[in-house]
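Engineer: Sequences are here, hints too, so could you generate the full structure?
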Amino acid sequence: MLARVSLTAANRPELLPDESLLFVQPNVGLYEGKNKLPNHQNGFAYLTTHRAAYVDNAQPRKYSVAVELKDVDRVEPYAGFLKSSPKITLHLKVNATGSASSTNTSNIPSTPSPTPPQTVTWICPICSFSNPLPSNHVPGLSEAPSCLTCGIKPSPSILTAALNAPPPPPSSSTCPRCTFHNHPSLSSCEICGASLISTAALLETSKIPSNLPPPQPQPPVSQIIKFSFRGGGHGSFLTHLRSALIQRKWLLHSAPPIPRPPPPLPNPPSHASAGIAGLESTISARRNTAIQTLGSGAFEDIDSLRAHGKDLIALAESFKARFNSTPGDGDTVSSSLARSASDITQHLNLISKDQLPSGDEAGWIDELSRQVADFLLTNKILQREGGVMTLIDVFAVLNRARAGIDLISPSDLKKAVDRFSALKLPVRCKKMKSGLVVVRDAGRTEEVVARQVREWLGWDMGVTVRDAAEKFGWSLGVAQEELEEAERRGWVCREVGIEGVRFWGNRFLWRRGEEEEEGAGEG
Amino acid sequence: MQKGVGLGALTRNTKASQIYASHGERIQKAHLEELATQLNVFQAVLQEFARRHAKDIRSNPTFRAEFAQMCSAIGVDPLTSSSSKKGSFWAEMLGTSMNDFYFELAVRVVELCRATREGNGGLIAVAEVRDRIMKKDERTGGSSNISEDDILRAVESLKPLGSGFSVIAIGRRQMIRSVPKELNTDQSTVLEVIQVLGFVTPSMLRANLTWDRARVQTALEDLLSDSLVWVDDQADENEYWSPTFISQGLQP
Amino acid sequence: MSATTSTTPPNIYPDLYNFPPFFTRQPNTTTFAAQLHAWSTFILTYCRHHRLFTLELSTALDSDLFHNKALNRRLKPADAVEVLEAMRKDGLVEWVDGATRSTVLVYWRKPAEWAEVLYRWVESVGQKGSVLTLWELVNGEMTEGEEFHGMHPMVLQSVLAVMVKRGQAQTIGTEIDEMGVKFF
Amino acid sequence: MSATTSTTPPNIYPDLYNFPPFFTRQPNTTTFAAQLHAWSTFILTYCRHHRLFTLELSTALDSDLFHNKALNRRLKPADAVEVLEAMRKDGLVEWVDGATRSTVLVYWRKPAEWAEVLYRWVESVGQKGSVLTLWELVNGEMTEGEEFHGMHPMVLQSVLAVMVKRGQAQTIGTEIDEMGVKFF
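Protein chains in written order, with numbering that gives the first Met the number 0: chain A, 0 to 522; chain B, 0 to 251; chain C, 0 to 183; chain D, 0 to 183.
Keep in mind the hints are simulated off the structure, nothing from the lab.
Treat the numbers as computed from the prediction; the structure is a model and nothing was measured.
Quick reminder that beta carbons are idealized off the backbone N, C-alpha and C, glycines included.
Take these hints with a grain of salt, some might be off.
Calculated pairs, DSSO-like style, for lysine-lysine (alpha carbon to alpha carbon, straight line, at most 27 Å) [said to hold, decoys possible]:
# : chain 1 : residue 1 : chain 2 : residue 2
1 : A       : Lys429    : B       : Lys158
2 : C       : Lys127    : C       : Lys164
3 : A       : Lys470    : C       : Lys88
4 : A       : Lys432    : B       : Lys158
5 : A       : Lys429    : B       : Lys180
6 : D       : Lys109    : C       : Lys75
7 : D       : Lys127    : D       : Lys109
8 : D       : Lys75     : B       : Lys180
Counterexamples of contact, computed for chain D against chain B with all Cβ distances above 10 Å [as the list claims (entries may be wrong)]:
#  : residue
9  : Ser57
10 : Val82
11 : Thr170
Structural biologist: Take a look at the structure:
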């Protein structure tokens with residue numbers, strides 16, 4: 000029921016042709032049934048129209064899994080209590096588990112073998128309730144599951160004893176629907192007539208001499224996957240999940256996907272817009288409070304507001320000026336203004352440096368950083384620009400692609416590109432000596448590029464910035480920068496004339512034969 | 000764009016100051032509270048207004064400038080991050096109309112500068128940028144009304160993206176420089192003289208600026224090598240023209 | 000490209016046309032690149048507007064294409080050749096005679112596009128399967144008013160070559176003036 | 000340095016002379032240092048070959064010293080001044096007038112070396128003990144063909160100053176054109 004997820008270059012789930020991303024929430028953990036899934040306790044939850052995916056932070060390539068929304072029977076939110084964080088439980092459909100497990104074999108890396116989960120039971124020493132041992136429990140490695148009734152964790156010895164106790168012989172095959180224990184050789188249940196074939200088929204496999212313990216009859220209990228939200232955001236995740244389940248976009252998926260290039264990155268939802276409905280409700284709520292505070296002069300048109308605005312700006316400016324000039328501002332006085340100032344910014348919910356709600360802003364910037372990396376890589380934009388682009392050009396291309404909706408602000412983009420190396424993405428942002436900020440492939444350091452330029456120039460060839468731009472596919476700005484970088488390293492010198500600037504191999508420092516072997520490039 | 004006018008800057012200053020002289024305190028406090036409430040009221044008004052008049056804000060350039068100034072006066076910086084995650088009405092409201100407007104304009108300015116860079120050496124007048132964008136809008140049916148102040152604000156918003164775009168004044172005209180290379184003083188002086196007639200000749204420079212022949216030649220050669228001027232050799236004396244005059248058409 | 004001229008004649012002259020240095024070959028490589036591009040676009044627009052398939056250099060040098068009488072500025076012959084040579088490299092023009100370089104074919108529309116226009120015409124008048132002489136095709140009454148009417152034979156050759164490759168036509172005969180073409 | 004001209008005129012132009020960036024002041028400090036050195040050597044060699052004791056900047060800028068006509072590249076006036084200023088710091092040149100910086104004395108041979116050449120000549124013609132006017136010394140027939148013939152008076156001054164310090168001579172009078180010198 001938990002299928003592996005293929006990831007893009009920037010460790011984000013690869014979306015199917017008509018699948019779109021709905022919501023992303025950082026620091027989330029996964030539970031399977033009652034127990035925490037090892038290695039799946041710190042990552043991003045990606046909710047799309049088709050799947051609810053989990054991408055691990057530490058090792059995204061290894062520990063990223065997803066639940067198909069079509070397998071979800073019902074959703075059960077849990078608001079969290081004291082230490083335990085809020086969770087959303089996905090109850091998967093029963094038959095789905097059978098089909099789910101057969102179609103995409105549940106290959107959670109930790110389960111040793113792909114056979115259908117056979118339940119070994121252990122008896123709790125305190126309340127003697129026989130708890131099912133989770134299929135992926137690896138003795139010694141994962142922590143002991145707590146007992147369902149009394150919640151106390153057994154000692155490991157009990158678990159190991161239960162594991163290697165000889166499983167009871169296949170006395171009867173219980174019917175998956177009415178749990179009546181039929182005679183093993185029957186193909187359909189005596190009471191409800193449900194087919195026992197799935198268990199029958201299992202019986203045949205048992206004939207193959209294998210060291211697998213003889214298969215247990217399929218338990219009717221439905222599988223449970225729990226998303227635990229340690230960094231908040233479970234409210235909006237829930238609303239998105241519910242609307243996705245209602246819209247059931249995956250049904251369109253059944254139509255044969257027309258072979259067309261992967262759609263441009265789906266316009267990621269800004270976290271704020273919790274669906275149009277959400278927006279409407281906040282606006283109307285806001286409106287009522289505003290009207291009440293306004294009382295009389297609800298301003299109708301531009302001019303009256305402008306008039307009011309003008310003298311208020313003057314007021315604020317003058318007060319601020321006076322404020323700075325009088326040295327003896329009282330602590331109490333300044334603090335109250337500070338408080339009101341912060342209230343306002345709080346109320347306006349603007350990100351001001353000292354009040355940054357740490358969790359969410361970082362999550363948003365990380366997600367944006369991955370989106371930018373994906374945008375540059377999957378659409379081969381960076382490759383077409385010769386592997387190097389100025390940050391300003393990235394801003395222009397990125398926002399042009401978003402066609403004017405929910406544009407990325409320059410400051411957000413700068414924060415996002417600064418996160419490239421921390422997120423180990425295959426692109427880097429670098430401020431060159433001249434002050435120009437460029438985004439480039441991770442592998443392409445200045446050293447590598449400067450060397451390429453030098454080899455290309457050789458001994459007696461003068462090139463203009465345009466020639467370099469054409470040769471390496473760079474923009475004019477990047478070509479100029481790369482040539483000047485090679486110049487700073489002393490490998491290249493320049494000729495300036497009314498024709499413009501031309502760059503040559505540096506004959507001042509290198510004799511003809513010399514530059515072949517690696518002389519130290521000083522300068 | 001946080002030029003230290005906004006409330007962010009207010010909070011930082013207040014932390015540093017000491018107790019206010021007692022006799023003025025009470026009045027100060029009263030005044031302060033009154034301002035605080037007024038700020039709250041005004042902010043709510045702005046918010047309500049922004050919601051109802053989004054279209055006007057977008058289409059009316061003069062008011063947009065004042066609106067932006069009003070916002071920055073009370074600490075709201077329209078150009079800051081529009082990530083607007085928690086659905087705060089204001090940032091979202093502004094996010095969709097004002098922020099996007101300036102970012103979109105910034106994108107078009109970047110593209111235009113890049114396209115015309117070869118012909119004007121990366122120096123273009125703000126007025127020309129405005130004309131070209133407006134003309135392009137008319138052609139594509141849009142009827143955008145963009146002011147030079149908007150263009151300056153858009154270029155200003157590019158600051159976090161590293162050096163590259165800057166606004167410099169040549170004489171009275173605001174120019175956008177999209178190439179990191181600075182102009183030396185002689186180059187700027189000559190460009191300023193060119194603004195008068197649209198072109199300049201070596202003899203004119205020697206007369207007006209009383210420079211010697213060598214200095215005039217070096218300045219003109221520097222301008223040519225940075226592709227900041229075009230040369231016309233079919234007049235009796237070489238004329239050096241500035242590309243900013245291409246779009247204005249020279250017939251009287 | 001609708002050949003009909005709209006009410007106000009579209010201004011085919013670029014802003015640069017009234018900028019005196021436009022007629023001087025710019026020494027600076029970057030500026031020259033912009034100048035080349037501007038001239039190339041202007042020449043194509045000019046020929047498209049006047050439906051000129053060929054440009055005879057000497058006459059063109061005196062025409063308002065290369066000579067702005069108001070400004071008393073003209074493009075020097077050598078510079079004009081340099082511009083046309085650059086356009087040839089981009090496949091926009093073709094010297095009728097590479098040696099003399101006196102006249103040039105102007106592809107203000109690519110041969111491939113012409114092939115489509117011609118094919119659409121052949122279908123519309125039901126001339127499929129019939130044989131037409133090249134002369135008839137471009138000068139006959141029946142093609143009066145068609146865009147390709149008066150097309151230069153050499154241009155027509157390259158267009159027909161495209162159609163042959165596409166299997167839409169077959170040329171008959173070798174002598175240029177008696178050649179015929181059969182459309183399928 | 001043998002002043003005798005060998006059969007084929009020695010190529011006084013360094014190979015950098017035909018390297019266009021040679022005439023552009025290099026922004027990279029290390030490269031510029033090498034460029035300065037190359038120019039300094041070239042100027043000394045050029046002056047020695049043409050036996051120029053002084054360089055008048057404006058004329059030099061048009062001469063083939065600073066202007067490579069084949070490449071149509073010339074050193075900018077400001078850059079030439081910078082090169083000469085650097086040479087002055089190395090004691091290789093001297094501004095005739097520090098303020099105008101229009102002309103420079105070129106010591107393609109150090110005053111000390113000139114002192115030895117002069118002293119050897121005085122001994123060879125037995126002029127020890129006799130008094131000669133400065134003018135006679137560098138323009139008189141008797142010094143025809145000598146290396147120091149036509150030496151610039153200011154250069155001669157610094158050479159004689161060295162000889163006075165060495166006690167090999169004594170200058171008489173103060174006015175530069177009537178000054179005389181007595182050799183011991």
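Engineer: Decide, hint by hint, whether the structure agrees.
Structural biologist: Results of checking the hints against the structure:
1. For the proposed pair lysine 429 of chain A and lysine 158 of chain B, the alpha carbon gap of about 16 Å is at most 27 Å, so the pair holds.
2. Of the pairs offered as hints, the one joining lysine 127 of chain C and lysine 164 of chain C holds, with about 17 Å between alpha carbons and a cut-off of 27 Å not exceeded.
3. Among the hinted pairs, lysine 470 of chain A with lysine 88 of chain C is consistent with the structure: their alpha-carbon atoms are about 18 Å apart, no more than 27 Å.
4. A hinted pair counts as satisfied when its Cα atoms are at most 27 Å apart, and lysine 432 of chain A with lysine 158 of chain B qualifies at roughly 17 Å.
5. Annotation: proposed proximity of lysine 429 of chain A to lysine 180 of chain B holds, straight-line Cα distance about 19 Å (limit 27 Å).
6. For the hint linking lysine 109 of chain D to lysine 75 of chain C, the alpha-carbon distance of about 55 Å lies beyond 27 Å, and the restraint is violated.
7. Only pairs whose Cα atoms come within 27 Å are accepted, and lysine 127 of chain D paired with lysine 109 of chain D is accepted, the gap being roughly 23 Å.
8. This hinted pair checks out: lysine 75 of chain D and lysine 180 of chain B have alpha carbons roughly 20 Å apart, not beyond 27 Å.
9. For serine 57 of chain D, the shortest C-beta to C-beta distance to chain B comes to about 8 Å, within the 10 Å cut-off, and the non-interface label is violated.
10. With a least CB separation of 16 Å from chain B, valine 82 of chain D remains clear of the 10 Å interface cut-off, as annotated.
11. For threonine 170 of chain D, the condition that its CB be more than 10 Å from all CB atoms of chain B holds, with the nearest at approximately 39 Å.
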